[in-house]
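With chain A held as given, fit chain B onto it using these hints.
Protein chains: 2
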Amino acid sequence: MNGKYKALWLDEQDNLVVLDQRVLPFVESTVTITNTNECVEAIKNMTVRGAGVIGNTAAFGIFLAARECNGNLVQLENRAKLIRESRPTAVNLMWAVDRMMKVARKSNDMLNDLKLEAIEICDEDCQTSKNIADAGADIFEEIMKKQNITTINVLTHCNAGWLAIVDDGTALAPIYEAKRRGIDIHVWVDETRPRNQGANLTAWELGKADINHTVIADNTGGHLMQHGMVDVCITGADRVSRGGDAANKIGTYLKSLAAHDNNIPFYIALPSSTFDFEIVDGIKEIPIEIRGEDEVKFIRGLDKHGEYSELQIVPTASKALNYGFDVTPSRLITGLISERGVCKADQKEIETMFKDLL
Amino acid sequence: MNGKYKALWLDEQDNLVVLDQRVLPFVESTVTITNTNECVEAIKNMTVRGAGVIGNTAAFGIFLAARECNGNLVQLENRAKLIRESRPTAVNLMWAVDRMMKVARKSNDMLNDLKLEAIEICDEDCQTSKNIADAGADIFEEIMKKQNITTINVLTHCNAGWLAIVDDGTALAPIYEAKRRGIDIHVWVDETRPRNQGANLTAWELGKADINHTVIADNTGGHLMQHGMVDVCITGADRVSRGGDAANKIGTYLKSLAAHDNNIPFYIALPSSTFDFEIVDGIKEIPIEIRGEDEVKFIRGLDKHGEYSELQIVPTASKALNYGFDVTPSRLITGLISERGVCKADQKEIETMFKDLL
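Chains as they are written, first to last, in the numbering used here: chain A, 1 to 358; chain B, 1 to 358.
Among the clues, some could well be false.
Where chains are identical, the list cannot tell them apart; a pair therefore holds if satisfied intra-copy or between any two copies.
Keeping only pairs whose Cα atoms sit at most 27 Å apart, straight-line, the calculated DSSO-like set for lysine-lysine is [as the list claims (entries may be wrong)]:
| # | residue 1 | residue 2 |
| --- | --- | --- |
| 1 | K179 | K319 |
| 2 | K130 | K145 |
| 3 | K208 | K319 |
| 4 | K348 | K44 |
| 5 | K44 | K304 |
| 6 | K284 | K348 |
| 7 | K284 | K146 |
Read the hints as simulated data drawn from the structure, not as lab findings. Predicted, not measured: the structure shown is a model, and the values here were computed from it.
Only chain A is shown next, with the shape it has when bound in the complex (with noise of 0.2 Å):
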């Protein structure tokens, strides 16, 4: 492709644009960013987020920063640190970084081919998206085959759409390749507490899409799981360990729980970029981001003169603490969505399917 996708792009001049995630649905508006305290700032401050997105962003970022540094490597790789360090949970952040550092340690036109292989990270995304589309789409076909029904219900955790991995989303290109499909699906989207990416990112993805959701309250699922109203589940990733064990949005385990209980699969969607191979067990290994309390005790939203605003919804008195994901384990998960298609949670099978990456 060219540089463009739906939630960022090269502008003219090859700046980085990002569509502003912190502000959607109520605003619609985009952020750029020409250097690297600006491609840092964008993924703390979540601007940008998603995993894929987040890798994307870096590696745009690693072309901006040698520009900055007028391809001098000493200062890239010191800003390459900066990237590299922004967020520490998602991990095709710091597979991105890597592998734009290795094209730029032995590049004799810097500038020209990190831009090429930033594009080319996301070219690859957008057929990984295509391939889960597809591997996911069979899945839900099969499923309504097998329980003979002519709706499927589907519940997703925070956002795993094209605003996390371009061009389509991890977890939600195999419910936008439904739709194309002409399969009757329905999606429950947990809000996702306490960023609402599931309320501000999801529901405004599938609205548009035209697809038909229901926003619940993430303590929801367990009750819809209980009572049948659920056939699917499926989220994307940050972080997946050798051993299947899984990173994403605070909360996604305790869905897993619920879909185990009550015999529902469950599946990750992700790029192969975002495995961690060195890592075996992913609820003692991966690094869990804390962040600021005020995410809890603060809210955002669209006020009564349609302004976006912040509200206080605890006490100020109270404390808070806000782990940005947890791990769901391998013995949870029904299968891995990948490009290279479908496995099992299970280290073997996830050592014989990638082991070209290993």
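Relative to chain A, chain B alone:
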């Protein structure tokens, strides 16, 4: 006592004054209830909430209804029906109305007898709360001894403190008692979307009592339990079946699954009036209230001007679904703590302990 409790009381004109729980913790105000309609409205719109306090309000409501219709029993029966149907899940409501109406039907001094009976119900709840406090705090001490820990971390969902059950609550009563006993206790307070009774009410109660606590998004409990940061879970209940299944605030089931998955004891605290002995299978038989979608789509809190205000947090075009409760199956409950002590969530044990009530 004399009809004066922390969450509600009779004023000098024998009207019922209740704390307005919709605007806590940011505004401390009261609502005065003088007749049937005001009673029904206060229960429906959650000016009062919490199984016990709903029952208490209904009991005083019958007294006010009798006053309103000058003791005409036919008219009172109609008004009692309205109060009885004001909310569907918490069984204490039906229990309190039925008990009051039994008195009304055989009384020769209806107003006086109904007032005394409502006070009697509240006084019994106070005693229940004290008994639960003692039994629950004993459990905490046992857990600390067994695990050789000097601080106990308790996770609770929603609010089952003195705002829910006069005069110290159910689930929070052992926490208050632990504080009195000098136990080093820390409470994880589930925010409890969509109405945030945890963040708004439990955090406020615990803050007032100077009890160490931290508010977390409802999504967070699973991660905490996976990492040894929770020693015991305790919640209230709105209806418990003869088989030991417990309806409580939506999301309780998810926490019970996480507790079970991590070998953490999970207790339900309740007055015996919360039992519904007519029902064995709580998952199939307990009616679950569906509330308005605006409780999910809008949220209330304090704006930057210090005004109590509301924000929209879900796209206008998206639907929302708002179940008020879910049912935790007995197999996931370690024990039921009532005014009679602790029993397993097991039909046989329940029938033995409460045989006089069957």
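Checked hints:
1. K179 - K319: Between copies only: 18 Å across chains, 44 Å inside a chain, cut-off 27 Å.
2. K130 - K145: within (23 Å within a copy, 56 Å between copies)
3. K208 - K319: between (37 Å within a copy, 14 Å between copies)
4. K348 - K44: neither (35 Å within a copy, 55 Å between copies)
5. K44 - K304: between (30 Å within a copy, 24 Å between copies)
6. K284 - K348: within (19 Å within a copy, 41 Å between copies)
7. K284 - K146: Classified as between: cross-chain Cα gap 25 Å, same-chain 37 Å, threshold 27 Å.
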